[in-house]
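Protein chains: 4
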Amino acid sequence: MTQKPFYLCSREYKPDPTVLDFEKVKVGTEQLLIIAGPCAVESEEQMSTTAAAVKAAGGHVLRGGLFKPRTSPYSFQGLGMEGLNLLIDAAKEHNLLTITEVMDLEHVEKLAGSVDILQVGSRNMQNYPLLRQLGKLDKPVLLKRGLSATVEEFLAAAEYILVEGNNKVILCERGIRTFQNHFRFTPDISAIPLVHELSHLPILLDPSHCSGNSSWVSTIAKAGIAAGADGLMIEVHPSPEQALSDGQQSLVPGQFLTLMKEVRKVAGAVGRTL
Amino acid sequence: MTQKPFYLCSREYKPDPTVLDFEKVKVGTEQLLIIAGPCAVESEEQMSTTAAAVKAAGGHVLRGGLFKPRTSPYSFQGLGMEGLNLLIDAAKEHNLLTITEVMDLEHVEKLAGSVDILQVGSRNMQNYPLLRQLGKLDKPVLLKRGLSATVEEFLAAAEYILVEGNNKVILCERGIRTFQNHFRFTPDISAIPLVHELSHLPILLDPSHCSGNSSWVSTIAKAGIAAGADGLMIEVHPSPEQALSDGQQSLVPGQFLTLMKEVRKVAGAVGRTL
Amino acid sequence: MTQKPFYLCSREYKPDPTVLDFEKVKVGTEQLLIIAGPCAVESEEQMSTTAAAVKAAGGHVLRGGLFKPRTSPYSFQGLGMEGLNLLIDAAKEHNLLTITEVMDLEHVEKLAGSVDILQVGSRNMQNYPLLRQLGKLDKPVLLKRGLSATVEEFLAAAEYILVEGNNKVILCERGIRTFQNHFRFTPDISAIPLVHELSHLPILLDPSHCSGNSSWVSTIAKAGIAAGADGLMIEVHPSPEQALSDGQQSLVPGQFLTLMKEVRKVAGAVGRTL
Amino acid sequence: MTQKPFYLCSREYKPDPTVLDFEKVKVGTEQLLIIAGPCAVESEEQMSTTAAAVKAAGGHVLRGGLFKPRTSPYSFQGLGMEGLNLLIDAAKEHNLLTITEVMDLEHVEKLAGSVDILQVGSRNMQNYPLLRQLGKLDKPVLLKRGLSATVEEFLAAAEYILVEGNNKVILCERGIRTFQNHFRFTPDISAIPLVHELSHLPILLDPSHCSGNSSWVSTIAKAGIAAGADGLMIEVHPSPEQALSDGQQSLVPGQFLTLMKEVRKVAGAVGRTL
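Protein chains in written order, with the working numbering: chain A, 1 to 274; chain B, 1 to 274; chain C, 1 to 274; chain D, 1 to 274.
Everything labelled a hint here was simulated from the structure, so no lab data went into it. Check the hints yourself; a few may be wrong.
Repeated chains share a single entry, so a pair holds when one copy, or any two copies, can fit it.
[Stated by the list, open to error] Under the rule of at most 20 Å between Cα atoms (straight-line distance), these lysine to aspartate or glutamate pairs were calculated in the EDC-like manner:
| # | residue 1 | residue 2 |
| --- | --- | --- |
| 1 | K92 | E12 |
| 2 | K14 | E109 |
| 3 | K168 | E93 |
| 4 | K136 | E106 |
| 5 | K24 | E109 |
| 6 | K14 | E45 |
| 7 | K265 | D89 |
| 8 | K55 | D116 |
| 9 | K136 | D104 |
| 10 | K14 | E93 |
It should be emphasised that the depicted structure is a prediction, and the values quoted were computed from it without experimental measurement.
Using the sequences provided together with the hints, build the complete structure.
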């Protein structure tokens, strides 16, 4: 490639870190953003219990998927728009912000009007019509790295959002596909300092999805914060064994509380606050 | 994964190969399907010259991208719908079938009414709303493998089309991302016998995109046919040095003619016809 | 890397292909070299039966491992030097050449005096003391590509042999490690034209080791020959289900005969003879 | 694989962590082991200056390669045995332990009698004759992970040492080969908790080799310690721009001192001491 595929994302264009101000937390500063919640919205009780746990542990944003992109068409695909109020109500009850994934152009407007952050999943990192549409909003977008995207491709995907006018983009490393077994994906910790060197955009780490197993989540989370991640995205579920998707890697509220305590110590050691 | 993510695609469900009958050629039989043309539709002359060359060499389908998914938002994105007639007219003039990529739900209906085969690119292999929409058509779909998709994920993506009722699916291997340098992607020849073992769907090979260099295209094409591919998808451009995208790997008409002669010999050696 | 790590191996140094003359076959010409036999030498009967089958099908070289580098120390490690005469006698009985792997400096002299080709396995591709020692011999060396070596690293490893004075080097592609499942390794067909472009050394393909399953061996073999490989290295065993190592991917004599017939047709289609 | 390729290395065999007692530091406890020094021994002044810096910053072991396995035969290969006294004298002067890489069976005895820890490099992770020879010593061995070894293969390689009687093995993660660019290798942080789960052996992280650039070393080091690594192996050189190998990733003494201060904080946050 003779020319860099991104410019508005780059440090050359904007040397200072981009800060997204969510009042309770300013992402891109020394403050860490904690997003937590279940992979998929399933029920009122599930969301309410989780929201209470997220709040109690010090989290800022409640996550919950409405539309789940699944490898198999026979896996649970999410409650769809029916789940939206469950997410919103649980978050409001506990004074949390909200995030959910958008896969489909037709849902963009409705979701943008309802939640605080729109998420683009790994499979859609290069879904350009979707990225362009999100670029036309005045709404924070969390963009997950594709499972085999280089960091340059990742930033070029973000560029599709910025080029349309929306610079409220938060990146999220979620693990890459390698030959390695045991973990579902290999958490690419090196992407964190690399993104910080090349770009002014904040970058979070999702240690849950790559681990595929709750026992490793806290360790990977601590490594990510030590490497300079601007926050975490964690799967929390009140009863993982009954989860309709990704239960194996979900933390129960007590485990999440422990994770937060441990992460807080590491954050302090690298000059970050939580 | 405790359960296979595909069933309608599998040999268990349908032991015999799926055959797509395009009159001049029956894909999924001993006959090979040859798709050729430029990466992107650029002009009337470009399309007309290419179509003549494709026909003269024995090709069946004229390709030409209208909407080009590009890593960088600053790269040429295609002529869009304006290019459609250039594709159709050139193909009609030379009695060829047509294929083009669809990226956007809003274009599905229009394109399905205009071309013979709809292509889903690698970046959209897991764009489920798009796959489902294509599944509702009675139209052949060529589905390209994601750059890091396992063969099971590839078949599971096809399953999203079949499960909606459309079983006219042609798979296409286009190279995977590895540590290997020189080639843009590593052509995964092993995927061809593997798909044939697991599925009844036909599978083509695109040797152009992975090579990234015209000098290797013919060699990889021959390897693919020897490995049992049901056809090829080749980039041909009358003046590659002036191409607006992917010129480096495009063959000129004379090179394409040579490739076809060489491929024909290998096809004969493995009991296929061209 | 500012400077290419190989020179004596390169086309710049020597534009014409290196030819190794084994009387019956000249490797590096249009003639293909066929090496076949069991993964490990096990018994006189096994070697004799295999040698007869290799000869009957048109093979040139009998392979048989004496020292087997195995991932686990608890797997069968080979008969060691005790197996040497079993290999040599079976080959002589059927007028075949011999090849075996050398792992240890202390065995180099003895093996070099006994067999026709010394093999360096993938795990030892960068065992520089071993390569240098082999470079001091006047003996053909077959060097297998490391499972994650780039083609440049592969040629740089060969350079360690050439730089010591021995230019009788045959390269062998044996599959690379990728995320791909099903196959043990992904056969990297692209390495064949790439090596031919960068180097004058001949390159074979081992389709057995990467397949890990006898049903795919013939298909991958044909793809390799179509891509320009200068020969094949195939695992053949009279009773694979009783093999002490790698039985799953070994062909029985009848399957090997069929493979050779099929490969001969593809060879003819690309101007090679067998 | 139906049977695990390692047993003596496993937690099933020995639930408690293996501790190597070097008097000043007990590896495998809460204490971290810090190995630092140049890639290659070059001169008396280089070694003396470096040793002073390593000691001043709190390091325990002085590293320095005598025999450098290099991709190209034309790169600097190390001073060989001539460098041994430079390493030993500099370490003694500053009361440091010593480590150097052994590549060749013939050097094992001499080096084992001279240094405190013998290192096996990535390229030799599966050099079984070498591993077995080291297994017969009563000497600590630091075994580096192969660039594409799975964690199971890594432990199986260690098993070759343990099975011969030597259980003083320290593992070292040094980055894996992926499609990722920028970093020379992708530091696989997930290997650290995984090794700790599967094995009782201690595991260090080498953040220098994978970074390939001094600016990233400290960040990756902190991530590794946060993930539970039992120590670090760092490249330090008094004048990296003049280093005969790997200068780009070497820290100068001042940078190493800063790294140690930062790492110490993270260590404290995860209950480790330095």
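Hints and how they fare:
Taking the shortest alpha-carbon separations for K92 and E12, neither the intra-copy value of 39 Å nor the inter-copy value of 48 Å comes in at or below 20 Å. In the homo-oligomer, the alpha carbons of K14 and E109 never lie at most 20 Å apart, since the shortest distance is 29 Å inside one protomer and 42 Å across protomers. In this homomeric assembly, K168 and E93 never come within 20 Å of each other (Cα to Cα): the closest approach is 26 Å inside a single copy and 49 Å across copies. In this assembly of identical chains, K136 and E106 lie within 20 Å of each other by CA distance both inside one copy and across copies; the values are 14 Å within and 18 Å between.
In the homo-oligomer, the alpha carbons of K24 and E109 never lie at most 20 Å apart, since the shortest distance is 25 Å inside one protomer and 46 Å across protomers. For the identical chains of this complex, K14 and E45 are neighbours neither inside a copy (44 Å) nor across copies (43 Å), given an alpha-carbon limit of 20 Å. Taking the shortest Cα distances, K265 and D89 never come within 20 Å of each other, neither inside one copy (32 Å) nor across copies (41 Å). In this homomeric assembly, K55 and D116 come within 20 Å of each other (Cα to Cα) only inside a single copy, at 16 Å, whereas the closest approach across copies is 52 Å.
Taking the shortest alpha-carbon separations for K136 and D104, both the intra-copy value of 15 Å and the inter-copy value of 17 Å come in at or below 20 Å. Taking the shortest Cα distances, K14 and E93 never come within 20 Å of each other, neither inside one copy (38 Å) nor across copies (49 Å).
Going down the numbered hints, you'll see the structure goes against 1, 2, 3, 5, 6, 7, 10, while the others check out.
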